[in-house]
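S.K.: All chains should be modelled from the sequences, with the hints used to inform the complete structure.
Position 28 (the sequence shown) corresponds to 39 in the numbering used here; numbering is contiguous.
A couple of the hints might just be wrong.
Claimed, not checked - Distance ranges between label pairs, derived from CB positions:
| id | residue 1 | residue 2 | range |
| --- | --- | --- | --- |
| 1 | R26 | R131 | 36 to 46 Å |
| 2 | D95 | K124 | 20 to 30 Å |
| 3 | D95 | L59 | 16 to 26 Å |
| 4 | E63 | A100 | 31 to 41 Å |
| 5 | D97 | L37 | 27 to 37 Å |
| 6 | N36 | K124 | 41 to 51 Å |
| 7 | K104 | L42 | 32 to 42 Å |
| 8 | K124 | Q58 | 20 to 30 Å |
| 9 | K96 | S22 | 19 to 29 Å |
| 10 | L55 | N76 | 17 to 27 Å |
| 11 | M120 | S22 | 33 to 43 Å |
What the hints assert, rightly or not - Straight-line C-alpha distance at most 30 Å; calculated DSBU-like pairs for lysine-lysine:
| id | residue 1 | residue 2 |
| --- | --- | --- |
| 12 | K64 | K96 |
| 13 | K19 | K64 |
| 14 | K121 | K104 |
| 15 | K61 | K71 |
| 16 | K98 | K61 |
| 17 | K64 | K109 |
| 18 | K61 | K124 |
| 19 | K121 | K47 |
| 20 | K61 | K121 |
| 21 | K64 | K104 |
| 22 | K109 | K61 |
| 23 | K61 | K104 |
| 24 | K47 | K19 |
| 25 | K109 | K98 |
| 26 | K109 | K47 |
| 27 | K71 | K96 |
| 28 | K109 | K19 |
| 29 | K98 | K47 |
| 30 | K71 | K19 |
| 31 | K96 | K121 |
| 32 | K109 | K124 |
| 33 | K124 | K104 |
| 34 | K124 | K47 |
| 35 | K47 | K61 |
| 36 | K98 | K64 |
| 37 | K109 | K121 |
| 38 | K96 | K61 |
| 39 | K121 | K64 |
Rather than coming from a laboratory, the hints here were simulated on the basis of the structure.
Note that this is a predicted model, so its numbers are computed, not measured.
All C-beta atoms, glycine included, are put in the ideal place defined by N, C-alpha and C.
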Amino acid sequence: KEAGDYEKAESNFNRFFLILNNKENLSTEELSLIIKTQLSLGWLYIQLGKNEKAVEELTKVISINPEIVDAYYFLGKAYHNIGDKDKAAQAFKSLAEKLRRAGQRQEAMKQLKRLARHLRQAGQQIFGGNQSGPRRLSR
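M.R.: Right, dumping it as structure tokens:
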């Protein structure tokens, strides 16, 4: 991605650690920053191949605010990378349910199609060749 994305993440991480030193009376903005930072940290751990640490951070995000749908996507991806297909499926199912409840059926389908593409690509990397997988998600 662009350098600005990483600089913004770095800034969020630095602010996060400053807030942690004085966390008795967190404002809504500070709590939101903590959630965004933990979500970013979870994503970063996935990028670095530290999926167990990603699971820890993303689980914290969900425990603070279970409506952060991106956390479910990244959590599913981390579990998938670890090889825990059942927990990955549960995270993606939770993602779809959260989006559906929010009246975002189209977004849920988009995320599930994204997942199907990711799983096909992972299968190709693991097994080589053109793996047949779900070509279309049913409604």
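S.K.: Now tell me if each hint is right for this structure.
M.R.: Evaluation of the provided hints:
no. : hint                      : in the structure
1   : R26 with R131: 36 to 46 Å : 38 Å, holds
2   : D95 with K124: 20 to 30 Å : 22 Å, holds
3   : D95 with L59: 16 to 26 Å  : 18 Å, holds
4   : E63 with A100: 31 to 41 Å : 18 Å, violated
5   : D97 with L37: 27 to 37 Å  : 35 Å, holds
6   : N36 with K124: 41 to 51 Å : 43 Å, holds
7   : K104 with L42: 32 to 42 Å : 27 Å, violated
8   : K124 with Q58: 20 to 30 Å : 22 Å, holds
9   : K96 with S22: 19 to 29 Å  : 36 Å, violated
10  : L55 with N76: 17 to 27 Å  : 19 Å, holds
11  : M120 with S22: 33 to 43 Å : 34 Å, holds
12  : K64 with K96              : 17 Å, holds
13  : K19 with K64              : 21 Å, holds
14  : K121 with K104            : 13 Å, holds
15  : K61 with K71              : 16 Å, holds
16  : K98 with K61              : 17 Å, holds
17  : K64 with K109             : 24 Å, holds
18  : K61 with K124             : 25 Å, holds
19  : K121 with K47             : 23 Å, holds
20  : K61 with K121             : 26 Å, holds
21  : K64 with K104             : 21 Å, holds
22  : K109 with K61             : 26 Å, holds
23  : K61 with K104             : 23 Å, holds
24  : K47 with K19              : 11 Å, holds
25  : K109 with K98             : 16 Å, holds
26  : K109 with K47             : 18 Å, holds
27  : K71 with K96              : 20 Å, holds
28  : K109 with K19             : 27 Å, holds
29  : K98 with K47              : 23 Å, holds
30  : K71 with K19              : 21 Å, holds
31  : K96 with K121             : 20 Å, holds
32  : K109 with K124            : 16 Å, holds
33  : K124 with K104            : 13 Å, holds
34  : K124 with K47             : 25 Å, holds
35  : K47 with K61              : 19 Å, holds
36  : K98 with K64              : 15 Å, holds
37  : K109 with K121            : 14 Å, holds
38  : K96 with K61              : 17 Å, holds
39  : K121 with K64             : 27 Å, holds
The structure fails hints 4, 7 and 9 (numbered hints given earlier, in ascending order).
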